[in-house]
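Asks: Sequence:
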Amino acid sequence: MKLQISFELLLYMAIAGIALLFGVVMLASKWPDISLSVDSLGFYSFINSLNEELSSGASSFSLYVPKGACNSTISGNKIQNTYGTYYLTSGISMQQGILCPDGRSANFTVSYVSGSWVIGR
1 MKLQISFELL
11 LYMAIAGIAL
21 LFGVVMLASK
31 WPDISLSVDS
41 LGFYSFINSL
51 NEELSSGASS
61 FSLYVPKGAC
71 NSTISGNKIQ
81 NTYGTYYLTS
91 GISMQQGILC
101 PDGRSANFTV
111 SYVSGSWVIG
121 R
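Residue numbers (my numbering): 1 to 121.
Check each hint, because a few of them may be wrong.
Once the Cα atoms are required to be at most 25 Å apart in a straight line, the calculated DMTMM-like pairs of lysine to aspartate or glutamate come out as [as the list claims (entries may be wrong)]:
{"#": "1", "residue 1": "Lys30", "residue 2": "Glu53"}
{"#": "2", "residue 1": "Lys67", "residue 2": "Asp102"}
{"#": "3", "residue 1": "Lys78", "residue 2": "Glu53"}
{"#": "4", "residue 1": "Lys78", "residue 2": "Asp39"}
{"#": "5", "residue 1": "Lys67", "residue 2": "Glu53"}
{"#": "6", "residue 1": "Lys67", "residue 2": "Glu52"}
{"#": "7", "residue 1": "Lys30", "residue 2": "Glu52"}
{"#": "8", "residue 1": "Lys67", "residue 2": "Asp39"}
{"#": "9", "residue 1": "Lys78", "residue 2": "Glu52"}
Treat the hints as calculated values from the structure; they're not laboratory data.
Bear in mind the structure is a predicted one, so any value in this text is a computation, not a measurement.
Could you build the full structure based on these sequences and the hints that come with them?
Replies: Structural data, given as structure tokens:
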């Protein structure tokens, strides 16, 4: 009886180990997609916070610039990077390179230059 319980336990533990290994392999294979999705959400949150500050009429504010934002291409109120294309509030533009260095908190200012609102540092 004791031998039978030990054999069944060994069999169940082997099946559980194989299932755990399969789960870890599946997670590892999807990790780049998961990481990109999380980083994309962080950048989306940054753009939303930026638009909220602009909508409230703030002339200076501080926000955390997420990692990977420095590689963004800015054209008027459109921001493109590996995470997608994002838009600022209409009529407001950003200076190129304003999101560098990324991965830290930054102070931003909004000024009226040549007939349009521009975000600077």
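Asks: Out of the numbered hints, which ones does the structure contradict?
Replies: 1 and 7
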